[in-house]
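K.L.:
Make a model of the complete structure from these sequences and hints.
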Amino acid sequence: MPNENVIVAFKGTTVGRVVYGSFPTKITDATRPDSSLEEQRQANDNLLSAVAVLRNDQIHSDRDYSTALAIMRNFSTWYPNASIWTVGHSVGGSLVSLMGLTFNIPSVSFEAPPQKLAAERLGLAPPPRSTDFHIGNTADPVFMGTCNGDFSSCSVAGCAFESQCHTGKLCVYDTVQDQGWRRSITNHRINVVIPQVLEAYNSTPVREADDECVDCFNWKFDETR
Numbered sequence: 001m002p003n004e005n006v007i008v009a010f011k012g013t014t015v016g017r018v019v020y021g022s023f024p025t026k027i028t029d030a031t032r033p034d035s036s037l038e039e040q041r042q043a044n045d046n047l048l049s050a051v052a053v054l055r056n057d058q059i060h061s062d063r064d065y066s067t068a069l070a071i072m073r074n075f076s077t078w079y080p081n082a083s084i085w086t087v088g089h090s091v092g093g094s095l096v097s098l099m100g101l102t103f104n105i106p107s108v109s110f111e112a113p114p115q116k117l118a119a120e121r122l123g124l125a126p127p128p129r130s131t132d133f134h135i136g137n138t139a140d141p142v143f144m145g146t147c148n149g150d151f152s153s154c155s156v157a158g159c160a161f162e163s164q165c166h167t168g169k170l171c172v173y174d175t176v177q178d179q180g181w182r183r184s185i186t187n188h189r190i191n192v193v194i195p196q197v198l199e200a201y202n203s204t205p206v207r208e209a210d211d212e213c214v215d216c217f218n219w220k221f222d223e224t225r
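Using the UniProt record's numbering, read the sequence shown as starting at 1 and increasing by one per residue.
Derived from the structure by calculation, the hints contain no laboratory data.
Any given hint might turn out to be false.
Unchecked claim - Here are the simulated EDC-like cross-link-like pairs (lysine to aspartate or glutamate), alpha carbons at most 20 Å apart as the crow flies:
1. K169 x D211
2. K169 x D210
3. K169 x E212
4. K169 x E208
5. K169 x D215
P.N.:
Written as structure tokens, this is what we have:
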């Protein structure tokens with residue numbers, strides 16, 4: 001059957017030359033992390049106003065989540081009988097996770113920032129049997145949820161990720177223990193991850209869910225939508 005399987009891929013943020021380069025997507029990329037993955041610290045600074053607009057802000061028409069929704073709806077229309085999967089790297093990986101939860105389709109992310117907080121803010125409940133998978137390595141501070149704080153490399157680059165929890169199941173390569181890597185933003189790049197992690201290992205880590213991870217423990221989210 002033609003078009004039996006369709007894979008929709010979302011790119012990650014172009015970070016190599018955000019300031020000095022000439023990538024055509026660098027300007028829009030620089031604003032991307034402030035959409036679906038809006039930082040927790042900003043909400044805490046102005047709690048009364050921020051909480052009220054978090055969900056509405058994230059589904060605004062010029063935000064990534066709404067754009068991704070439009071893309072997925074187009075593919076669903078073009079290939080109504082196909083099995084659709086989503087894949088992505090970095091922020092694109094977090095987006096495909098949100099799309100997987102929204103449309104209840106399989107999603108696979110590579111080195112994605114934690115997205116559980118964004119999913120909760122959007123009212124996306126995980127299905128009983130998750131097909132949401134996150135592949136990453138322990139030397140990537142973005143994937144591990146440690147690239148946060150005012151003086152982190154992510155904040156210096158104009159991106160702040162304050163969530164630490166992933167949805168679905170994690171497939172984590174322990175490059176710190178196995179290869180002696182130090183945690184660095186350079187280990188987040190896809191051109192490092194493919195040859196030095198995915199192709200370098202002879203086995204795949206066990207997929208596990210981190211059910212005990214909690215972001216914003218004293219927040220209450222509306223789960224009725």
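K.L.:
For every hint, state whether the structure bears it out.
P.N.:
Evaluated hints:
1. K169 x D211: The given pair, whose Cα atoms are some 9 Å apart, holds under the 20 Å limit.
2. K169 x D210: Given pair K169, D210 holds - Cα atoms ~7 Å apart, limit 20 Å.
3. K169 x E212: 12 Å, holds
4. K169 x E208: Within the cut-off at roughly 5 Å; holds.
5. K169 x D215: 17 Å, holds
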